[in-house]
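Protein chains: 2
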Amino acid sequence: MRIGLDMMGGDFAPLEAVKGVKLFLDTVATNAHLVLIGDEQALLPLLAEAQLDQSKYSIVHSSQVIGMDEHPTKALKEKQQSSIAIGFYLLQHKKIDAFISAGNTGAMMVGAIYSIKPIDGIQRPTISTPVPRQNGTFGTLLDVGINADCKPENLAQFAVLGSLYAKCILGIDNPKVGLLNIGEEEGKGNLLAQATFPLLKENKHINFIGNIEGRDVFREKADVIVCEGFTGNIVLKLAESMYDIAKERNINDEYLDRFDFESYGGTPVLGVSEPVIIGHGISKGIAFKNMINLAVKMIESKLLDKIKESFTSKEN
Amino acid sequence: MRIGLDMMGGDFAPLEAVKGVKLFLDTVATNAHLVLIGDEQALLPLLAEAQLDQSKYSIVHSSQVIGMDEHPTKALKEKQQSSIAIGFYLLQHKKIDAFISAGNTGAMMVGAIYSIKPIDGIQRPTISTPVPRQNGTFGTLLDVGINADCKPENLAQFAVLGSLYAKCILGIDNPKVGLLNIGEEEGKGNLLAQATFPLLKENKHINFIGNIEGRDVFREKADVIVCEGFTGNIVLKLAESMYDIAKERNINDEYLDRFDFESYGGTPVLGVSEPVIIGHGISKGIAFKNMINLAVKMIESKLLDKIKESFTSKEN
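So the sequences go chain by chain: X and Y. All residue numbers for the first sequence refer to my numbering, where the first residue is 12 and numbers rise by one. All residue numbers for the second sequence refer to my numbering, where the first residue is 12 and numbers rise by one.
I should point out that these hints are in silico values taken from the structure, not numbers from a laboratory. Predicted model, so just to flag it, every value in this text is computed and none were measured. Be careful, since some hints might not be right.
Covered by chain X, according to a simulated footprint, are these stretches of chain Y (three or more residues, beta-carbon under 8 Å) [claimed, not checked]:
1. 247-258
2. 261-274
Facing chain Y, from chain X, some residues (calculated, C-beta under 8 Å) [as the list claims (entries may be wrong)]:
3. 156
4. 160
5. 202
6. 225
7. 241
8. 245
9. 246
10. 252
11. 253
12. 262
13. 264
14. 266
Glycine included, every Cβ here is placed at the ideal spot set by N, Cα and C.
Please build the complete structure, drawing on both the sequences and the hints.
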């Protein structure tokens, strides 16, 4: 398998990207070949210094970079030689099997949705976040921000995508799906939640356990937590701030340390037809390593084939 | 001033209600007279044991109780001799100046909205939560659950109500109002947030500072945080669970201890024409004391007159 990595994306590129590559190659036994996309002149000395196994990677030169604040659609169109544009080109033409970048998030979304395209039957691709639980496991919460306004059908699709993700990547058999809501009983909630509940209840592809409340997010009550991207994004950023506050207050707790969402690396764009992973701008080496790992898992588990299968069956 | 207190409401009534009365009378220098509504036979021995100044309270006997799980509208209609029904009767007929209960929340809402009624010009009464900040102060977040679906105009009214509350009760001059959203710039967010932003921006009664994100909720960025009740309720319950998790993990931190939202007592129903305060079902003595205190502050600061004034002026 060939994994494409944008070496120029993120606030600390390319140094932290190189560190991530080294961490990955040093610690993970893998037959993955890394395709490092970036400015050759900047990369070569860093890679030489890192003393990597040269059979494990190759470099694809890119002469442009899309800045973090550039207009996504415009930049992607005009900067054909940027690392992000080249990454999507390679992915689209099957030269790589996954593409990872911590660069301009908007450009990554535009590339994922318009050059890679959603899987047939999927209305809205989605992004998720890992949800750390006290028992050491992770759940997943989705959508966390790209779908601020949703229809019930969108949430029902997120539930299926999240379930497959939980099975393939988080290793949870028969993951429990909860609808994030403001009451436990059926019939509670805003109009969207009320209309979504019956769709989840009758969906045979998921293990729906009903509504869950804000207090249940970090419990083991549900493995897949479904909501629209407005609420999901606020929950994610609130949780991130709890980590920051804990650090400021010198609280050292094994569990709260797992609220360092930035270390997880990034989120796949679920629902598009090839593996695309978008990282935080401030990704450090460990985050890059985790994203490469995630790409490997997505490929090895055949997550995308399973999603395609599920959405070509009639019931979704 | 005469403050009505439902002694039969809450999971630990009437004992914890009596404890709250004692705490209040023992620690607060006040000319408030407490009107204790409840079963005289149950109250008399507890009050005698508490050794209270008898000039500070009187008892109004109620022979019925509305259970925590009863249907609000039905129970309120059928149980005219319940402590909640009597409380609203007394408030409606100006025999008391505020009414507090930790009983059936639905019945309290129904009573507040249908027997006390919204202030002229207010479309939707709202409930809020205190937001503890690291600098020792509190902000306020509203709505936290009774308005799951909102129009932009509702949010604009919450902003005005929250600002007056922050001034009168939290003692913040010129409170900063933030719109809870998923991006900082104008134009970001879901359709509701996008449509609400200009209404807040042009409202001369508030000090609007723009959008704030999930990560800013527990910072000092905004004093009044406005959102619909779906998101607000999830934020509140998530924050409550952070307190529970900290306790389970034996984390003792002065700031996280202030996430014990139950100790604050309850929330006023902002926007109805008399002071009504709804407490948590599990309220203990300290919560009852805090609710009595809040009622005193609402009356002394003339919060409701200021709300009425603001909403009879043309611009809201």
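* Given hint residue 264(X) near chain Y, where the shortest CB pair must fall under 8 Å -> Cβ of residue 264(X) sits 6 Å from chain Y, so the hint holds.
* 8 Å C-beta test of the region 261-274 of chain Y against chain X, three or more residues -> This one holds; 4 residues, not fewer than the three required, reach chain X with a Cβ under 8 Å.
* Asked: Does residue 253(X) meet its interface restraint, that is, does its C-beta lie within less than 8 Å of any C-beta in chain Y?
  -> Holds. Min distance 6 Å.
* To do: Report holds or violated for the interface hint on residue 262(X), using the least CB-CB distance to chain Y and a cut-off of 8 Å.
  => With Cβ-Cβ at 6 Å, under 8 Å, it holds.
* To do: Report holds or violated for the interface hint on residue 160(X), using the least CB-CB distance to chain Y and a cut-off of 8 Å.
  => Interface hint status for residue 160(X): holds (5 Å vs cutoff 8 Å).
* Asked: Going by Cβ atoms only, is residue 245(X) closer than 8 Å to chain Y?
  -> 4 Å, holds
* **Satisfaction of the residue 241(X) interface hint, Cβ to chain Y closer than 8 Å** => Hint holds; residue 241(X) Cβ to chain Y Cβ min 5 Å, cut 8 Å.
* Restraint satisfaction for residue 266(X) [CB to CB of chain Y, less than 8 Å] -> Constraint on residue 266(X) satisfied, holds at 6 Å.
* Asked: How about residue 202(X): closest beta carbon in chain Y under 8 Å, or not?
  -> Nearest chain Y Cβ about 5 Å off; hint holds.
* Double-check residue 225(X) for me: the hint is only fine if its C-beta lies closer than 8 Å to a C-beta in chain Y. => Residue 225(X) check passes; min Cβ-Cβ to chain Y is 3 Å, inside 8 Å.
* Interface hint compliance - residue 252(X) to chain Y, C-beta minimum distance less than 8 Å -> 4 Å, holds
* Asked: How does the coverage statement for the region 247-258 of chain Y fare against chain X, requiring three or more residues with Cβ below 8 Å from a Cβ of that chain?
  -> As far as the region 247-258 of chain Y goes, the hint holds, because 9 residues have Cβ atoms under 8 Å from chain X.
In terms of the numbered hints stated before, the structure departs from none.
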